[in-house]
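For the protein sequence lines, the chains are A and B, in the order given.
Under our numbering, think of the first position of the first sequence as 779, with each following residue one higher.
Under our numbering, think of the first position of the second sequence as 20, with each following residue one higher.
It should be emphasised that the hints constitute simulated quantities derived from the structure, not laboratory data.
As the structure is a prediction and not an experimental result, all values here were calculated from the model.
The beta-carbon is built from N, C-alpha and C at its ideal position, and this holds for glycine as well.
A hint or two may mislead.
Quick list of the computed label-pair ranges, beta carbon to beta carbon [stated by the list, open to error]:
#1 Thr37(B) x Val951(A): 37 to 43 angstroms
#2 Ser148(B) x Gly781(A): 21 to 27 angstroms
#3 Arg1070(A) x Gly57(B): 37 to 43 angstroms
If you only want the chain B side, here are some residues facing chain A, beta carbon under 10 angstroms, derived [claimed, not checked]:
#4 Ser51
#5 Ala96
#6 Arg118
#7 Pro121
#8 Arg179
Now for the letters of each chain:
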Amino acid sequence: MLGRACSNYFAKAFSNLWKNRLFSLLSTATIVFCLLLLGIALILGSNITYVSKQLEVQYEIHAYVDLSYSEADAKRLQSKINDIPYVDTATFVSKEEALAGMEESMADSASAFEMLHGEENPLPHTYDITLTDVSKANEVVAEVSKLVGIDEVKNRSDVLNSIINTSRAAQAVSMIGMIIFALVGIFIISSTIKMSVTARQREIEIMKYVGATDWYIRWPFIIEGTVMGIIGALIAYVPVTIGYANIVSWWQSNGAGMFELIPLIDLQARVILIFAIMGCFLGAFGSVISIRKHLKV
Amino acid sequence: MPFSEINTQTVVQFEGVTKIYEGGVKALDNVSFSVNKGEFVFIIGPSGAGKSTITKLMIHEETPDNGRVKVADFDIASMHRKHIPTLRRSMGMVFQDFRLLPNKTVYENVAFAMEIIGASQKQIRRRVSTVLSQTGLSDKWKFLPSQLSGGEQQRVGIARALVNNPKFIVADEPTGNLDNDTADGIMELLDQINKCGTTIIMVTHSQQIVERMKKRVITIENGIVVKDEQGGYNHAGESL
Chain A
779 MLGRACSNYF AKAFSNLWKN RLFSLLSTAT IVFCLLLLGI ALILGSNITY
829 VSKQLEVQYE IHAYVDLSYS EADAKRLQSK INDIPYVDTA TFVSKEEALA
879 GMEESMADSA SAFEMLHGEE NPLPHTYDIT LTDVSKANEV VAEVSKLVGI
929 DEVKNRSDVL NSIINTSRAA QAVSMIGMII FALVGIFIIS STIKMSVTAR
979 QREIEIMKYV GATDWYIRWP FIIEGTVMGI IGALIAYVPV TIGYANIVSW
1029 WQSNGAGMFE LIPLIDLQAR VILIFAIMGC FLGAFGSVIS IRKHLKV
Chain B
20 MPFSEINTQT VVQFEGVTKI YEGGVKALDN VSFSVNKGEF VFIIGPSGAG
70 KSTITKLMIH EETPDNGRVK VADFDIASMH RKHIPTLRRS MGMVFQDFRL
120 LPNKTVYENV AFAMEIIGAS QKQIRRRVST VLSQTGLSDK WKFLPSQLSG
170 GEQQRVGIAR ALVNNPKFIV ADEPTGNLDN DTADGIMELL DQINKCGTTI
220 IMVTHSQQIV ERMKKRVITI ENGIVVKDEQ GGYNHAGESL
């Protein structure tokens, strides 16, 4: 009985798709358009988050040890820093290593550093600290500053804040964009499907009078909407991925250096999954909304 | 008769039913009548008398504001919406404007009433063939409604109403769009169906039909049952 009903629904849905092919094409085109916009929002949002993560990884806090501390005393602070929550790594940089680093980066003025070796080295021992969560940087800075033997903690709060804000804004914009495109999509699709439903209003009315349940009437429309959604998702997937592949390729040859874009292969599965889910949702939900009014007979 | 004491033979029972539409228009005022199994009942009255409201209440397109309506085993006022399809499957509906699906053949128009109740294709073929033969449409099964005369289209409507073996048929002005000769043919068909045991409740304006059929007639005027008598128009609808 259930199998017969299902095959009946599918037969009806495909027959209706063909009979109303103009409406079907129009609805599918609308779904493709909405998914293209949604795809752009998704890719943009994902990439900004991806780039923010790269910048977060590069982010470090520098903790300077009291100048009076010997290297052995300074190294004893390592375990205390490691115990602070959200500290990922704490790399000890001795004052000699720091000076060597400066000499290397300023090779042209290397002679100026010669007299600073040994007891004359004015640089402190340092800890370069990376975090497991950069949004907790201020808490970590406060904890590190409390340690006896730490003279000063430098934290590029401007960079940090811009990273956090950009990442949050990107996620919010991407999410809001996707919600707006989904709502606009549902509205446009339900309007398009409504034309198809209105054309079949009499059929629905007669079905109701002879005792059809609401779900008997709804299912073929939902299947139609879902089929249009899947077809729309497949069509939209092609230009979105081809377009993105070209952007990634152009970026690698022209703009790469500071940060990378998400490789296409890592994004493909997400795009097709979200497109399929959104396509089905737009199609099916648009159908349900369109038909609701006509079921009140 | 109190609602709880309804005869098991009763198919439709109206008990003190009042229906007031938005704007305060009173369509029915304390209407009571019952229709028993196997009866052929006419509901007559001038336009705006409340005949259509009675039909709408029977199919749960409307609910009563006061009183109770019982159709088959359902109490229209208190039944849940989800049971409406079951209620409608217990009856057959015949409409003045036929309400056929224009892009479906005669066979498909009748068959789809069985499809919605989940009948198998084998059952559908057998039953549709029987009712098309009963309604004189055996040789027209492949035709579209547009290729049929008005009388033939109404026969398709009757075949569709009959195909699920309903407890009763509600016919709302079934001859309203037909000429006299064709209307006679439709009435003859409904009479035959009634003689086979199916209860028929027919709403009509046609005085000739009511007169000729000599069946029970319920006359409604201004939302009130003014007569409920056995016999033709002369007995029942003098004030019509």
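Taking the hints in turn, this is what the structure says about them:
The supplied range of 37 to 43 angstroms is broken by Thr37(B) and Val951(A), whose beta-carbon atoms lie about 59 angstroms from each other. A beta carbon spacing of about 25 angstroms between Ser148(B) and Gly781(A) agrees with the range 21 to 27 angstroms that was offered as a hint. Checking the proposed 37 to 43 angstroms range against Arg1070(A) and Gly57(B) shows it holds: the Cβ atoms sit about 40 angstroms from each other. At its closest, the beta carbon of Ser51(B) sits 26 angstroms from a beta carbon of chain A; the interface hint therefore is violated under the 10 angstroms criterion.
A cut of 10 angstroms between beta carbons decides the hint on Ala96(B): the least distance to chain A is about 18 angstroms, and the hint is violated. The interface hint given for Arg118(B) is met, as the beta carbon of that residue sits about 5 angstroms from the closest beta carbon of chain A, less than 10 angstroms. Satisfaction of the interface hint for Pro121(B) is found here, the shortest Cβ-Cβ separation to chain A being roughly 8 angstroms, below the 10 angstroms cut-off. Nearest Cβ of chain A to the Cβ of Arg179(B): about 7 angstroms, under the 10 angstroms cut. The hint holds.
Hint compliance for this structure: hints 1, 4 and 5 are broken, all remaining hints hold.
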